[in-house]
Amino acid sequence: MTGPVGLGPAVGNHRTSDPLLPEEFGRSAPGRPWVGGAGDPGALVLSGPTGTDPEGLVDHLARWGALPGVDGSGVRALLRASGLDGRGGGGFPLARKVETARLAVGIPLVVINAGESEPASRKDRFLCATRPHLVLDGAALLATALGVDEVVVHLHRAPGSPVGRLEAAVAERLRHCADDPGWRLSAGPDRYVSGESSAVAGFVDGGEARPRFTTLPLAVAGPSGRPTVVSNAETVAHLAVLARTGPDGWAARGVPSSPGPRLVTLAGAVTHPGRVLELSGAATVGDALLADGVVAPPAAVLIGGFAGTWVSGEVAWQTPFTRDALHCVGAQPGCGLLGVLPHGACALTETARIVSYLAGESAGQCGTCVAGLPRLAHAWAGLARGDLRRRGVRRMSALGDTVEGSGACGHPDAVVRLIRSTLDTFEDDVVRHLAGRPCRHADHPPVLPVPDPACRDGRDDPGMWR
Amino acid sequence: MSVEVRIDPTLCRGHAICALFFSEGIELDQWGFGKVTVAVADTPRDVRRARRAASACPNGALVVRDRARRPAGDDARP
Chain A
28 MTGPVGLGPA
38 VGNHRTSDPL
48 LPEEFGRSAP
58 GRPWVGGAGD
68 PGALVLSGPT
78 GTDPEGLVDH
88 LARWGALPGV
98 DGSGVRALLR
108 ASGLDGRGGG
118 GFPLARKVET
128 ARLAVGIPLV
138 VINAGESEPA
148 SRKDRFLCAT
158 RPHLVLDGAA
168 LLATALGVDE
178 VVVHLHRAPG
188 SPVGRLEAAV
198 AERLRHCADD
208 PGWRLSAGPD
218 RYVSGESSAV
228 AGFVDGGEAR
238 PRFTTLPLAV
248 AGPSGRPTVV
258 SNAETVAHLA
268 VLARTGPDGW
278 AARGVPSSPG
288 PRLVTLAGAV
298 THPGRVLELS
308 GAATVGDALL
318 ADGVVAPPAA
328 VLIGGFAGTW
338 VSGEVAWQTP
348 FTRDALHCVG
358 AQPGCGLLGV
368 LPHGACALTE
378 TARIVSYLAG
388 ESAGQCGTCV
398 AGLPRLAHAW
408 AGLARGDLRR
418 RGVRRMSALG
428 DTVEGSGACG
438 HPDAVVRLIR
448 STLDTFEDDV
458 VRHLAGRPCR
468 HADHPPVLPV
478 PDPACRDGRD
488 DPGMWR
Chain B
3 MSVEVRIDPT
13 LCRGHAICAL
23 FFSEGIELDQ
33 WGFGKVTVAV
43 ADTPRDVRRA
53 RRAASACPNG
63 ALVVRDRARR
73 PAGDDARP
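Residue numbers (my numbering), protein chains in the order written: chain A, 28 to 493; chain B, 3 to 80.
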């Protein structure tokens, strides 16, 4: 990520070769570990207003300036030079998605996924609600990169969904931004698996918001037959930022293997659950928790979302929130969730709530998911209660092996990953539970905001997925 | 001549007929849902058996695709 990149004069108004960002983009030196919230001096993506009100187009343009007049090849060069990776969970480089879609046959369909179906995550909602024009700027750039004149912004129909904020922002832009693509807002069902990219692509195409079995990548041929690029809202917000700061300055906010700043959401035993923080450089999970007033390592941290992994508090505290460092402790950034488990809470009970929620959120399409997940959830609930014995755990592991990799999407795999990481991280607790002794912490109030498994009987009803 | 063999898990209902016709390429889990073990069939016998298994599936869940006709960009998996 160093040295000038061949962007040409089209993006001439920013300083690509200057590793230091302009003063207005903050005081913290690039690459140094830094953590801050919305509006903190030093924030990049979260710079600007501190509150929860949406930033209007005038303020947005006053702060960031107009979008640089970049053509398609210029945006693609930005994507390549920055190394921007997807922030929705998969971490796939956006530049490769775009190149694949360009090689494929047909007019690409561009979808911005702002659904954020991860129940505890808030970062996409927060960006769309407070900085809608940053997301829309990025979406417009992505449309330019693919040479299309329409962008679909997909959200979920959920309480607190920023759909109204985006509608207002789009209305504002229709009057002022002549170069914008056409905007289409899409609001889909609020289900966990409905945020999966093939489910989003299928819903936008007029189908059900359920994951699809694909023999080809979406970027080659989506459900509509058109090459489909589904990109997370945070990802395109970064694109809007790095088009202004230059890819080098933006990438220097991260580490070489994880370029750019990252957004995380705090959940569980923190001072402000649901708070969104921006992390730069090799800032550790501990740095992020310190910024929210957590002064000592908690019992454990669930990293990357409900489909993520538990890491013990001591280890997580020192682990930088970067792809490589997290990989070393068996985790991945995922959707950027940091779920904090306090001392005195039972991790197995928390996991039981998550697993039973996830089992209920299956789209009900693939046999092993329908047959396997409820059994896994049942077995895990038994372990949490202290009713399961060693043989039961072995049977549960075998069930996990069967279920893993058998679905059309990664949903069953995620449940198995969570279960395995819990068994690994909380070995001592598992042994105690297996001994049948009542867990000392089992009556601790719930920590993580897991939605109640609602009635899922209508799972086969197509109406639920429209 | 080689073909790619995949099972669409959203269509598979566990009839298990595929495993009768193409036993060396498909194994069944405890509920009878198929899992592909030979993702690429490249002997004429395997190709024939994979095709027969695909046409026998009442749900059309077994996908057998010619490897020769790979569209551009298929190697990338976004």
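If you are wondering where the hints come from, they were derived from the structure by calculation, not from laboratory data.
Just to be clear, a hint being listed does not mean it is correct.
Using C-beta positions, here's what the derived DEER-type ranges look like [to be verified]:
id : chain 1 : residue 1 : chain 2 : residue 2 : range
1  : A       : 405       : B       : 39        : 43 to 53 Å
2  : A       : 205       : B       : 54        : 54 to 64 Å
3  : A       : 451       : B       : 30        : 28 to 38 Å
4  : B       : 67        : A       : 451       : 37 to 47 Å
5  : A       : 233       : B       : 40        : 48 to 58 Å
6  : A       : 464       : B       : 62        : 25 to 35 Å
7  : B       : 62        : A       : 177       : 28 to 38 Å
8  : B       : 17        : A       : 432       : 41 to 51 Å
9  : A       : 232       : B       : 39        : 53 to 63 Å
10 : B       : 67        : A       : 432       : 45 to 55 Å
11 : B       : 47        : A       : 476       : 40 to 50 Å
Built from N, CA and C at the ideal position, the CB exists for glycine as well.
Do the hints match the structure? See the list:
1. A:405 x B:39: 43 to 53 Å: 29 Å, violated
2. A:205 x B:54: 54 to 64 Å: 59 Å, holds
3. A:451 x B:30: 28 to 38 Å: For residue 451 (chain A) and residue 30 (chain B) the Cβ distance comes to about 30 Å; the hint holds.
4. B:67 x A:451: 37 to 47 Å: Holds: the Cβ-Cβ distance is about 38 Å, inside 37 to 47 Å.
5. A:233 x B:40: 48 to 58 Å: 36 Å, violated
6. A:464 x B:62: 25 to 35 Å: About 52 Å separates the Cβ atoms of residue 464 (chain A) and residue 62 (chain B), which means 25 to 35 Å is violated.
7. B:62 x A:177: 28 to 38 Å: The hinted range 28 to 38 Å holds for residue 62 (chain B) and residue 177 (chain A), with Cβ atoms some 33 Å apart.
8. B:17 x A:432: 41 to 51 Å: Violated, at about 21 Å.
9. A:232 x B:39: 53 to 63 Å: Distance hint for residue 232 (chain A), residue 39 (chain B) is violated at roughly 33 Å.
10. B:67 x A:432: 45 to 55 Å: 19 Å, violated
11. B:47 x A:476: 40 to 50 Å: Violated, since residue 47 (chain B) and residue 476 (chain A) (Cβ atoms, about 55 Å apart) do not stay within the stated range.
Checked against the numbered hints above, the structure violates hints 1, 5, 6, 8, 9, 10 and 11; every other hint is satisfied.
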